[in-house]
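*Asks:* Residues per chain are reported as follows:
2 protein chains.
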Amino acid sequence: MTREKIEQSIEEIFEDISRIFKDIEDGSRDNLGVTRPSYGDGENFAHRYLSEYADELGLEVTKDASSNTYMTLPGQNRSAPRIIFGSHLDSVQDGGNFDGAAGVVAGLALIMILKKLNITPVCDVVAMGIRAEESVWFQVSYLGSRGALGALPEGALDAKRIDTGRTAREHIADCGGDPDALAQGKAYLSSSNVKFFVELHIEQAPSLIERDIPVGICTGVPGLFMYPDARIQGEYGHVGTPRVYRHDAAMAGAEFAMALDQEWARQEANGTQMAITFGRFHTDSAAHGMTTIPGEFCFSMDVRGYEPALIEHMERFVASTVQNIEANRNVKFKLGEKRAAAIGFTDQELEKALYESASKMNVPAVMMKSPASHDAGAFSAAGIPTGMVFVRNENGSHNPREKMSIEDFFQGVRTIIPWLLDEVTV
Amino acid sequence: MTREKIEQSIEEIFEDISRIFKDIEDGSRDNLGVTRPSYGDGENFAHRYLSEYADELGLEVTKDASSNTYMTLPGQNRSAPRIIFGSHLDSVQDGGNFDGAAGVVAGLALIMILKKLNITPVCDVVAMGIRAEESVWFQVSYLGSRGALGALPEGALDAKRIDTGRTAREHIADCGGDPDALAQGKAYLSSSNVKFFVELHIEQAPSLIERDIPVGICTGVPGLFMYPDARIQGEYGHVGTPRVYRHDAAMAGAEFAMALDQEWARQEANGTQMAITFGRFHTDSAAHGMTTIPGEFCFSMDVRGYEPALIEHMERFVASTVQNIEANRNVKFKLGEKRAAAIGFTDQELEKALYESASKMNVPAVMMKSPASHDAGAFSAAGIPTGMVFVRNENGSHNPREKMSIEDFFQGVRTIIPWLLDEVTV
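These protein sequence lines are chains A and B, in that order.
Here the working numbering = 1-based position in the first sequence + 27.
Here the working numbering = 1-based position in the second sequence + 27.
Where hints are given, some of them may not hold.
The list cannot tell twin chains apart, which means a pair is met if one copy fits it or any two copies do.
[Stated by the list, open to error] Result set (SDA-like, lysine to any residue): computed pairs, CA atoms no more than 25 angstroms apart in a straight line:
| id | residue 1 | residue 2 |
| --- | --- | --- |
| 1 | Lys-365 | Arg-270 |
| 2 | Lys-365 | Asp-311 |
| 3 | Lys-359 | Trp-291 |
| 4 | Lys-361 | His-340 |
| 5 | Lys-359 | Cys-325 |
| 6 | Lys-379 | Ile-240 |
| 7 | Lys-359 | Met-285 |
| 8 | Lys-396 | Arg-270 |
| 9 | Lys-361 | Asp-311 |
Hints are computed from structural coordinates only; laboratory data are not their basis.
Same shape as in the complex, but just chain A (with noise of 0.2 angstroms):
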């Protein structure tokens, strides 16, 4: 296969995949953003859109329990393990078009190429659309792909949904789902039947657009804990009141974010890389006051890191830095349900296999670890070979600013053809 009868193609399906990204963007615009909710209206929107698109190409569009759609191209031995592209197409609320779509569409673009090329692999290729990734919906992580994997965390089908306070059961039912068997945890992916998973995805920060690159190879994916919803007791008080007296939930609580932001500099100091976020971060709006001092903090934590040893560490400096913060401060920390997601490791041969393919393709390409979690975390715990291309983006994501250039998104999916080629063809 020469490189100019695959430029060909690519260019070829250029103009379809640019209307898919219009399309799937105005069937889920509201006011400031892009808002698909994880089993929502937004989400359903895109996974018909895809699904009737997939359709007119003539490849086989199915679904599971989690209501995840399969867009398949037949291979040549069907019982072979599959090679699946994918991501999801939830967003956050107010969210950009590609945080999660873009690897969809990147699935469904070099499926086009195979058959642009008149290829019929030697194994099933799937564009996989995942359902609820983003756990700021649900508070759970990866809630398709892990349903998928037979991977569902305990009480998962029970949480609830933030804005509709319905749970993830009836909402999954609603899109077409199956609960019951999800409650069974029988997988319905495994390292048996996928060969490999790879997930194309905006880089969510600007680390590829300040190095002027436009495609990453991922080298890991961060395993977080969380506390979706955790609470710091105080009492309420005068605006006078002297130090020793207060019982002040808010000061608590900026003690406690600036104990973990320090850590945090230190462990980025010594080279290890993390993140620390404290989303919800207020005090109660129903009682505070510029003259009472807050007597209750709520706060929401997620903590990420690339080696299991560090997120042992935070867990620990999290358990420690409450007791000392209790113990000054007058105050209880109710740091409530925890929840948790594995480290992603990616495979080293498949890294190091779509780096050369990039380079085959003349796309400049660096090895980087995502800063963000991902769908691949969940492929890669459940021993799937994973591997992640990330594709640069502008503005960050999770806000309606973000922004991927077409044609960048265009070298994403020619760093993975060379390699896609060698595997699907003998």
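Use these hints to put chain B onto chain A, whose structure you have.
*Replies:* Chain B in isolation, oriented as in the chain A frame:
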């Protein structure tokens, strides 16, 4: 005048006073505690109730342009500078019954004792019900007393009540006041027509409780500056974004609060009394989420102290801390409008006289600084000899569990009697 005769008079009015407290509380009780908004229903109730009570006692009841209530026992010389016992009748949302009201009832109790002892004082003796001391409602301190003293800060009449959104001007007019007269800034009370202002108030910290002493004689009322509506502008971003690329407004808020808290701890270690409170301290509930870096953070800040040099130092400290954090965290502070109130220097001769007065009545008392700001600060700033008597109180203030025993209240009243008798008899 024998102490026995005084004690007998006190006992006889004890029952009446208990009833006053209970009726005021019943008239302004809401869900959780007592709510008497500045220039609002609960406050109006308390003014009306005490006016009727004073009328039955045969006192003169008058109002000024701020709609403060004056309940006057006429003196032998009506044009001699008067002695005022007063405090405020408003409360915070879900506050306690005694923060403010105790000082007005104490004034009535003292007048009842004079009447019981058949004393016609040499000058008018006044129980003053003051409006709008609690700055939480209009975000302005001492609206009522500064109105009476012709010392309203610029823009005070245009300040909006946080719950109704209507201006102080409108609310004052509703309550029978004359905002146009106030706008002219003429002083109704001044050092030429007020001889002393004495405020009895519950202590808002538990220091008297801890020392097992019922009464404190105030040696200073804090001055303050506050930013009712400060904001930090950052950028919303993905939870996985590396440290260097973040514009985390909440972490900037936490760092700012901790820097001020640490400065407070340093000042206190050097023996300087002060207080810092972040009453509102929060991410934006319409935009925050567990997996999004907060792009905006809101807070209110109140800094108070007893020395002009400290207040100036803290103002500079706030400015330099803002500058540092802006530079290190890629955020922008908008502190917004600043409000301030002068330090209240109590009258040293009056302090000494009140302390001696307490010992004459065998009331255990200590000299102490006021933890809270009070209307007394405004009278002191106007050059009127000012004193305060604190009564021990459990569970702090600005919460429904505020708790003063009526017996302790009477210890506070007893404290003042010998001094008052000296002043009003020849």
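*Asks:* Against this structure, judge whether each hint is valid.
*Replies:* Here is how each hint holds up against the structure:
Proximity of Lys-365 and Arg-270 under a CA criterion of 25 angstroms is satisfied inter-copy only: 23 angstroms between copies versus 32 angstroms inside one chain copy. Proximity of Lys-365 to Asp-311 under the C-alpha cut-off of 25 angstroms is found in both arrangements, the shortest distances being 22 angstroms within a copy and 23 angstroms between copies. In this homomeric assembly, Lys-359 and Trp-291 come within 25 angstroms of each other (Cα to Cα) both inside a single copy, at 24 angstroms, and across copies, at 22 angstroms. Proximity of Lys-361 and His-340 under a CA criterion of 25 angstroms is satisfied intra-copy only: 20 angstroms inside one chain copy versus 37 angstroms between copies.
Taking the shortest Cα distances, Lys-359 and Cys-325 sit within 25 angstroms of each other both inside one copy (12 angstroms) and across copies (24 angstroms). Taking the closest pair of Cα atoms, Lys-379 and Ile-240 come within 25 angstroms of each other only inside a single copy of the chain (18 angstroms); across copies the shortest separation is 77 angstroms, beyond that limit. Proximity of Lys-359 and Met-285 under a CA criterion of 25 angstroms is satisfied in both settings, with 18 angstroms inside one chain copy and 18 angstroms between copies. In this assembly of identical chains, the alpha carbons of Lys-396 and Arg-270 lie at most 25 angstroms apart only when taken from different copies (14 angstroms versus 44 angstroms within one copy).
Taking CA atoms no more than 25 angstroms apart as the test, Lys-361 paired with Asp-311 passes in both settings, with 15 angstroms inside one copy and 22 angstroms between copies.
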